[in-house]
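Novice: The chain contents come next:
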Amino acid sequence: MKKIVLTSFAFLIGSILFAQNGENQKYLLTTRTNTVGLSLLSLTDPYLSPLKYTGTGIQFEHESRRFLSISNTHISMQSKLNFEGGFLLNPAQTSSMTYMGVDYSWGMHYHFRPMKGLLLLAGGTCDIGFGYKDVPRNVNNPGNVDLATNLNLSGVAVYDIPLRRRTLKLRLSVETPLIGWMYVPLAGASYYEMFMLGNLSNISHFSSIVNRRGIDPKLTVDVPFKSSVWCFGLGYRGLQYSANNMVFSRNEVSFLIGTTFDAIGFGGRKRIAPKNFISTNE
Amino acid sequence: MKNQFLIFILTIVLLPSCMNEPATQPNTHEGNFQSLWNIIDTRYCYLDYKHINWDSIYTAYHQKLPSATTEVQFFDLMGSMLAELKDGHVNLYSDFDISRYWKWYQDYPSNFSSDLIYTDRYLGKNYRMAGGLNYGKIDNGRIGYIYYGSFSDAFSDGNMANALNSFSTCHALIIDVRDNGGGSLEVSKQMASYFFTKETVTGYMRHKTGDGHTDFSTPVEIVTSAHKTIQWQRPVIILTNRMSFSATNDFVNRMTQAPNATIIGDKTGGGGGLPLSSELPNGWLVRFSSSPMFNAAMENTEFGINPDISVALSAADQANGIDTIIERAMASVK
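Protein sequences appear in the order of chains A and B. Taking our numbering, I'd label the letters of the first sequence as residues 1 to 282. Taking our numbering, I'd label the letters of the second sequence as residues 1 to 334.
Just to be clear, a hint being listed does not mean it is correct.
[Unchecked claim] As a list, the in silico SDA-like pairs of lysine to any residue whose alpha-carbon atoms are at most 25 Å apart:
| hint | chain 1 | residue 1 | chain 2 | residue 2 |
| --- | --- | --- | --- | --- |
| 1 | A | Lys52 | B | Pro281 |
| 2 | B | Lys189 | A | Val139 |
| 3 | B | Lys189 | A | Leu200 |
| 4 | B | Lys125 | B | Ala154 |
| 5 | A | Lys52 | B | Met19 |
| 6 | B | Lys228 | A | Phe195 |
[Unchecked claim] Cβ pair distances, simulated, as ranges:
| hint | chain 1 | residue 1 | chain 2 | residue 2 | range |
| --- | --- | --- | --- | --- | --- |
| 7 | B | Asp211 | A | Met196 | 23 to 31 Å |
| 8 | A | Asn244 | B | Ala315 | 48 to 56 Å |
| 9 | A | Phe206 | B | Asp41 | 30 to 38 Å |
| 10 | A | Ala92 | B | Ser80 | 55 to 63 Å |
| 11 | B | Ser156 | A | Pro91 | 38 to 46 Å |
| 12 | A | Phe83 | B | Ser156 | 30 to 38 Å |
| 13 | A | Leu147 | B | Asp41 | 44 to 52 Å |
No lab work stands behind these hints: they were computed from the structure. Ideal placement from N, C-alpha and C gives every residue a C-beta, glycine not left out.
Based on the sequences and whatever the hints tell you, model everything.
Specialist: See below:
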């Protein structure tokens, strides 16, 4: 026990000395953004119903970004985790649909700085998403699963808008799937036939812009306050995919609010990161 | 280069509008009629097998459409159109009624009286209940008897093990599934598994793959496995009537392949098509047979399964508190 305490103490002292000596040392920061959103949602799932269901949803998204290395401040890594839930009704409001989904993506972007105050990011991401739609009124087809993984084209534009007391960051991000894989149930077959009797033929599909198209632009503005940066925005998600003679679609408009911060707690107008801390916001 | 990038982005944005989503009909009587007719035309699985001319049914009922001025009249008209399919798995659900076709059992003798099976001659009043299984010994303890009234009432292996253990001294077992209108196919499979000694292909299933009346998938095997730890290897007799429908029809079909099993009673009611559901623009739900099931010889089971020994409940016996079908089953056990 004595040894552990002594070792820990030595390590702590060592760390402080290292920090003092390394004032010019650069460190990578991770920029994290957490947003919650309220969505207007519409879903068409012909496996469940030929009608379009509309309703509201809530979502939470965590995004983090950091440069690959201190020496390379042109390429950043991004990861996103999104949870979403929604409650929808058919047009006649005689049947309801509950939707739950989770999506994780990881990608890289190259940073361009064409002019002062403008940052452009271009790159790609790969994602995997799972969702479940439940229409309890249905018979033997009461639910359906969304399962897909994609390689996406991704771009972000960040424009600084300097005001008298603060600088706003206007951010437009766009992502669209290029190729991937998706699960689509057999039209006219029950989940009993597919998963209990093992008829899994034609449920697995290669996807490309021929049979899976979508775009999800998001416009947010980062507003620095005294000790935090809040972001407000508007997002849209449009997705359409087809397989097994069915066309599925999803449209969603979200009103977003959240906070964005660089790890280690720098942010806002008064708590500016030292020069030797490099953020992907720079 | 800039122009090419712009064209690419515009293509990505505009392409979704190019993928053809089928148009939905308007929420009018005409639109709902077209929608319902089309759902059955493209997704109902027995139009050809039952020799139904769905086009002429369109003509006949479309002519009557103007006379249906209220929602109730329109519902009744649509219900009558669906009744032409003569299928107990076809229903139209509105918020004021459910259309149904019940002639698959109403046009036949019931061959069952629940009053009879709970008399002292059979189960009596002190029978045991486990899950949905009502069981006890009959015929002076010679035979075990289980009445199972719904495949929606799930039971555990433990429930069945206890029931079968209580019959350890019995020569045979009767499973009475008369008036059992069905439920879960998984429970049907579970129930059958206690009477198999090896994995057996007991049937097949297909589903509609296209809009054509003969567009079906390749048959997929329906396999009944033997239960790993609970197996009844003495004679088992299944009692059936016309109300043995849907999942019960599936159970009886499986049991036709079980060793030591005998089916006694009336032909089952059928219901061999696994139903799915869809919706009309006005929000009414339509249930319809979508996936036809077949027996091991690839014969359709939609119209029911014939018993090995056909027996009817006689009115005279019934008046004397005797269930003719149970008596015949008891007599078959030596």
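Novice: Hint says 38 to 46 Å; check whether the CB-CB distance for serine 156 (chain B) and proline 91 (chain A) agrees.
Specialist: At roughly 42 Å between Cβ atoms, proline 91 (chain A) and serine 156 (chain B) fall inside 38 to 46 Å, so the hint holds.
Novice: 44 to 52 Å was suggested as the range; check whether the CB atoms of leucine 147 (chain A) and aspartate 41 (chain B) agree with it.
Specialist: Given about 31 Å between the Cβ atoms, the range is violated.
Novice: Holds or violated: lysine 228 (chain B) with phenylalanine 195 (chain A), Cα cutoff 25 Å?
Specialist: Roughly 21 Å between the alpha carbons, so the hint for lysine 228 (chain B) and phenylalanine 195 (chain A) holds.
Novice: Between the alpha carbons of lysine 189 (chain B) and leucine 200 (chain A), is the straight-line distance 25 Å or under?
Specialist: holds (20 Å)
Novice: Does alanine 154 (chain B) lie within 25 Å of lysine 125 (chain B) when you go C-alpha to C-alpha?
Specialist: Given pair lysine 125 (chain B), alanine 154 (chain B) holds - Cα atoms ~23 Å apart, limit 25 Å.
Novice: Take the C-alpha atoms of lysine 52 (chain A) and proline 281 (chain B), compute the straight-line distance between them, and say whether it is at most 25 Å.
Specialist: Roughly 10 Å between the alpha carbons, so the hint for lysine 52 (chain A) and proline 281 (chain B) holds.
Novice: What's the verdict on lysine 189 (chain B) and valine 139 (chain A), does the C-alpha distance respect the 25 Å limit or exceed it?
Specialist: This hinted pair holds, its Cα atoms lying about 19 Å apart.
Novice: Quick one, are lysine 52 (chain A) and methionine 19 (chain B) close enough, alpha carbons at most 25 Å?
Specialist: Holds - the C-alpha atoms of methionine 19 (chain B) and lysine 52 (chain A) are around 16 Å apart, at most 25 Å.
Novice: That 30 to 38 Å hint for phenylalanine 206 (chain A) and aspartate 41 (chain B) (C-beta), does it hold up?
Specialist: 31 Å Cβ-Cβ, so the 30 to 38 Å window holds.
Novice: Taking the CB of phenylalanine 83 (chain A) and the CB of serine 156 (chain B), does the distance hold inside 30 to 38 Å?
Specialist: With Cβ atoms ~35 Å apart, the hint holds.
Novice: Could you see if the CB distance from asparagine 244 (chain A) to alanine 315 (chain B) stays within 48 to 56 Å?
Specialist: Distance hint for asparagine 244 (chain A), alanine 315 (chain B) holds at roughly 53 Å.
Novice: Between aspartate 211 (chain B) and methionine 196 (chain A), does the beta-carbon spacing fit 23 to 31 Å?
Specialist: holds (26 Å)
Going through the hint list in order, the structure does not satisfy hints 10, 13.
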